[in-house]
Amino acid sequence: MRKVLLATYLGSAAALAVGSASANDELIKMSQNPKDWVMPAGDYANTRYSKLNQINAQNVGKLQVAWTFSTGVLRGHEGGPLIIGNVMYVHTPFPNKVYALDLSNENKIIWKYEPKQDPNVIPVMCCDTVNRGLSYGDGKIILHQADTTLVALDAKTGQVAWSATNGNPAKGETGTSAALVVKDKVLVGISGGEFGVQCHVTAYDLKSGKQVWRAFSEGPDDQIKLDPVKTTALGKPVGADSSLKTWQGDQWKIGGGCTWGWMSFDPALNMVYYGSGNPSTWNPKQRPGDNKWSMTIFARDADTGMAKWVYQMTPHDEWDYDGVNEMILTDQQINGQPRKLLTHFDRNGLAYTMDRENGELLVAEKYDPKVNWTSGVDMNKSSPTYGRPKVLDAASTDKAGEDHNVKGICPAALGTKDEQPAAYSPDTQLFYVPTNHVCMDYEPFKVSYTAGQPYVGATLSMYPPQGESHMGNFIAWDGKTGKIVWSNKEQFSVWSGALATAGGVVFYGTLEGYLKAVDAKSGKELYKFKTPSGIIGNVTTYENNGKQYVAVLSGVGGWAGIGLAAGLTDPTAGLGAVGGYAALSNYTALGGTLTVFSLPN
Amino acid sequence: MRKICSVIAVMIFVASGGVAVADGPGDPTAVKKEDDGKWLDKEGNPTYKISADGTVDWFTYSGYRRYHSDCHVCHGPDGMGSTYAPALKDSVKSMSYGDFIGVIASGRKNISTAQENVMPAFGDNPNVACYMDDLYVYLRARSTEAWGRQRPSKKEEKPEAYTKAEDACMGKK
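Protein chains in written order, with the numbering used here: chain E, 1 to 601; chain S, 1 to 173.
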């Protein structure tokens with residue numbers, strides 16, 4: 001009798017567990033299947049690593065184009081497709097089309113979704129009408145449209161299951177980021193840092209689309225979901241009004257801190273991780289204080305949104321170094337101790353390795369030797385400025401003041417790296433990082449705020465570091481020690497997300513349009529192919545019918561398309577010297593295309 | 001305030017006449033200087049004045065700064081254009097001064113089956129609306145290559161009358 005009862009009890013407990021966490025379990029399982037690519041970064045840890053190894057360092061040189069697909073859209077194509085079983089889901093920039101392609105039947109279009117959106121949203125998107133891709137959960141494809149509509153489409157039919165409004169484009173709020181499905185919720189950020197938006201991350205119910213919680217980047221404690229006692233910054237409680245105290249008056253209401261980057265999730269710790277962007281305006285004189293929690297790494301409870309810890313990388317930003325870049329979660333040993341780590345390559349040119357459980361800062365080092373706005377982060381735990389970067393006077397636009405042009409600041413506003421995500425290979429324990437190698441002059445001046453209008457407040461010009469002619473590097477980075485292992489020069493900024501594979505090959509795209517494969521250990525170039533347009537998309541791999549494929553969206557644009565289409569300002573032009581770099585428009589033109597590669601039969 | 005009034009006047013003109021592809025702005029030679037430091041051509045339209053030693057008039061300098069704050073994020077550095085917005089150094093060659101001001105104030109849409117280009121209306125944004133002449137003068141200098149792809153290093157001082165008008169327009173005390 002006892003045995004029967006026990007069996008019944010266990011059975012119902014198992015049923016309960018499946019019922020409460022099914023979407024989560026389903027996604028974790030799916031993300032472990034290397035044949036699929038089920039979330040924007042491939043896995044919750046944002047490693048962009050695939051166990052597939054059919055394509056390897058020995059044979060990648062024989063790679064060839066298997067098939068291509070035109071998206072029919074000309075603007076900048078960021079992100080990459082999802083692959084689930086025999087179906088590939090491809091997204092586009094505005095008007096945000098979604099195609100479901102049948103990989104088992106000549107890549108035919110199964111369904112197509114194209115929302116009707118007011119084109120007036122186009123000019124309130126800061127830097128081109130990009131979209132960073134789709135997410136999947138519970139049989140639905142989730143799209144975050146330019147007009148901030150979050151829509152769930154039936155993965156089989158493309159029919160709208162539900163839609164939610166995440167923001168108001170009339171106030172400059174727009175949607176560019178990919179959502180992340182975590183358990184029974186869809187988490188999504190918002191864009192608008194150049195329009196004075198009070199940005200946030202919001203959780204919606206995966207089944208119904210109803211809003212569950214919203215956590216702002218700046219404001220009162222209840223709005224930012226920080227507990228004065230339980231939420232910590234570098235091991236200490238943040239205290240009451242930790243954000244409000246760092247803004248003048250009501251400025252936090254138009255404070256920016258936008259959340260348009262990638263999110264990651266640790267199922268074991270039940271925590272989500274993401275970064276916040278620049279404080280508005282770009283004129284630091286106009287917003288005295290640390291402007292918390294802009295430029296911050298947030299670690300939040302996945303269910304409630306409450307922050308467990310925060311770390312502000314660039315207090316009182318003076319250069320537009322958004323902190324939105326991805327958080328890559330790895331388990332590695334530091335000083336012989338196994339640690340749960342978070343590694344983040346910030347726009348400010350510093351790469352941070354932290355303990356993702358408690359927010360302890362372990363490593364903060366420059367990942368481009370040209371970074372010159374700071375002498376580094378104070379790592380002395382007993383120092384009053386522990387964890388703060390030391391700002392050098394020569395690069396301080398705040399110190400120089402309004403209407404003063406500060407020259408030769410590295411990196412430029414687009415950062416040593418922007419949204420283009422890095423990859424991590426557990427085989428080599430190295431990070432593969434696409435970077436910008438660009439410096440700038442920056443002159444802040446006074447601006448006034450008008451809802452829905454640009455709120456910038458600085459003039460800038462960008463150029464490669466003095467004496468150099470290349471504007472990008474693709475590097476391998478050791479996050480445990482904070483050192484560059486190898487570095488490949490690229491003529492233009494590398495604005496494409498990397499892919500690491502068990503085949504010992506790392507892939508990335510270039511602004512000229514090359515898909516490149518390099519040796520994971522040495523960085524040696526093994527293969528390149530010029531796709532129809534410049535690549536600002538992320539490289540993806542999947543397996544179908546026993547064959548490994550590598551896919552990438554080309555279609556130049558984004559912020560890279562602004563500065564680089566015309567060529568950056570040549571500081572030597574006035575002196576009559578010949579610049580070593582020509583405009584990107586001499587290499588490539590617009591047009592969205594998916595190119596898929598495989599080995600010959 | 002004066003500038004905002006003139007913007008409204010131009011907007012009415014544009015609304016009635018429509019934005020047509022007009023003739024270029026004509027001879028850019030500066031013939032007359034106003035109290036606020038603005039040079040005018042013989043038609044009475046704003047223009048640049050650049051000395052042999054490279055000293056630029058205040059409006060060219062101010063236009064450079066304003067352009068690289070609010071315009072360059074779409075139209076690219078130095079008026080050169082981007083992957084999704086036209087090169088304004090070329091656009092101003094085939095636009096009249098009135099059309100230029102009208103497009104900034106009320107925006108324009110260029111929507112075809114292949115592309116959707118939308119220029120927002122900046123008439124309500126003092127960061128742009130108060131500096132339309134500055135932008136025009138700078139871009140006019142770029143259109144003739146009278147000024148190149150660099151920041152002006154030598155400039156005329158900011159005239160007092162300009163500061164007064166700017167403060168009034170920006171709503172400062």
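None of these hints come from the bench; they were simulated from the model. Please read these numbers as outputs of a predicted model, since none were measured by experiment. It is possible that some hints are incorrect.
[To be verified] Mimicking DSS-like on lysine-lysine, the simulated pairs with C-alpha atoms at most 27 angstroms apart in a straight line are:
id : chain 1 : residue 1 : chain 2 : residue 2
1  : E       : 253       : E       : 97
2  : S       : 109       : E       : 285
3  : E       : 446       : S       : 42
4  : S       : 164       : S       : 93
5  : E       : 51        : E       : 399
6  : E       : 547       : E       : 156
7  : E       : 480       : E       : 547
8  : E       : 51        : E       : 547
9  : E       : 51        : E       : 62
10 : E       : 116       : E       : 285
11 : E       : 446       : S       : 93
12 : E       : 370       : E       : 253
13 : E       : 399       : S       : 109
14 : E       : 521       : E       : 489
15 : E       : 97        : S       : 109
16 : E       : 236       : E       : 210
17 : E       : 370       : E       : 210
18 : E       : 245       : E       : 97
19 : E       : 285       : S       : 93
20 : E       : 285       : S       : 33
21 : E       : 171       : E       : 245
22 : S       : 32        : S       : 42
23 : E       : 51        : E       : 524
24 : S       : 155       : E       : 446
25 : E       : 407       : S       : 155
26 : E       : 381       : E       : 407
27 : E       : 207       : E       : 230
28 : E       : 521       : E       : 62
29 : E       : 171       : S       : 32
30 : S       : 33        : S       : 93
31 : S       : 158       : E       : 407
32 : S       : 155       : E       : 116
33 : E       : 285       : S       : 42
34 : E       : 407       : S       : 33
35 : E       : 399       : S       : 155
36 : S       : 42        : E       : 399
37 : E       : 446       : S       : 164
38 : E       : 483       : E       : 530
Hint check results:
1. E/253 with E/97: Cα-Cα ~33 angstroms, so violated.
2. S/109 with E/285: Roughly 35 angstroms between the alpha carbons, so the hint for residue 109 of chain S and residue 285 of chain E is violated.
3. E/446 with S/42: violated, 34 angstroms
4. S/164 with S/93: Cα-Cα ~31 angstroms, so violated.
5. E/51 with E/399: This hinted pair is violated, its Cα atoms lying about 50 angstroms apart.
6. E/547 with E/156: Satisfied, since the Cα-Cα distance of roughly 24 angstroms is no more than 27 angstroms.
7. E/480 with E/547: violated, 35 angstroms
8. E/51 with E/547: Cα-Cα ~13 angstroms, so holds.
9. E/51 with E/62: holds, 20 angstroms
10. E/116 with E/285: Answer violated: residue 116 of chain E to residue 285 of chain E is near 41 angstroms, above 27 angstroms.
11. E/446 with S/93: violated, 31 angstroms
12. E/370 with E/253: Violated, at roughly 35 angstroms.
13. E/399 with S/109: violated, 41 angstroms
14. E/521 with E/489: Between residue 521 of chain E and residue 489 of chain E the Cα gap is close to 16 angstroms, so the pair holds against 27 angstroms.
15. E/97 with S/109: holds, 21 angstroms
16. E/236 with E/210: Between residue 236 of chain E and residue 210 of chain E the Cα gap is close to 35 angstroms, so the pair fails against 27 angstroms, i.e. violated.
17. E/370 with E/210: Violated, at about 47 angstroms.
18. E/245 with E/97: Violated: residue 245 of chain E and residue 97 of chain E sit about 43 angstroms apart, past 27 angstroms.
19. E/285 with S/93: It is violated: about 37 angstroms lies between the C-alpha atoms, which goes past 27 angstroms.
20. E/285 with S/33: violated, 34 angstroms
21. E/171 with E/245: Given that 27 angstroms is the threshold and the Cα spacing comes to 25 angstroms, the pair holds.
22. S/32 with S/42: Roughly 8 angstroms separates the two Cα atoms, so the pair holds.
23. E/51 with E/524: holds, 21 angstroms
24. S/155 with E/446: OK: residue 155 of chain S and residue 446 of chain E at ~20 angstroms, within 27 angstroms.
25. E/407 with S/155: holds, 18 angstroms
26. E/381 with E/407: violated, 33 angstroms
27. E/207 with E/230: Violated - the C-alpha atoms of residue 230 of chain E and residue 207 of chain E are around 31 angstroms apart, more than 27 angstroms.
28. E/521 with E/62: Given pair residue 521 of chain E, residue 62 of chain E holds - Cα atoms ~19 angstroms apart, limit 27 angstroms.
29. E/171 with S/32: Given that 27 angstroms is the threshold and the Cα spacing comes to 42 angstroms, the pair is violated.
30. S/33 with S/93: OK: residue 33 of chain S and residue 93 of chain S at ~22 angstroms, within 27 angstroms.
31. S/158 with E/407: Answer holds: residue 158 of chain S to residue 407 of chain E is near 22 angstroms, not above 27 angstroms.
32. S/155 with E/116: violated, 49 angstroms
33. E/285 with S/42: At roughly 41 angstroms apart (the allowed maximum being 27 angstroms), residue 42 of chain S and residue 285 of chain E break the hint.
34. E/407 with S/33: violated, 32 angstroms
35. E/399 with S/155: Distance of about 23 angstroms is within 27 angstroms: holds.
36. S/42 with E/399: violated, 44 angstroms
37. E/446 with S/164: Cα-Cα ~15 angstroms, so holds.
38. E/483 with E/530: Violated: residue 483 of chain E and residue 530 of chain E sit about 31 angstroms apart, past 27 angstroms.
The structure shown violates the earlier hints numbered 1, 2, 3, 4, 5, 7, 10, 11, 12, 13, 16, 17, 18, 19, 20, 26, 27, 29, 32, 33, 34, 36 and 38.
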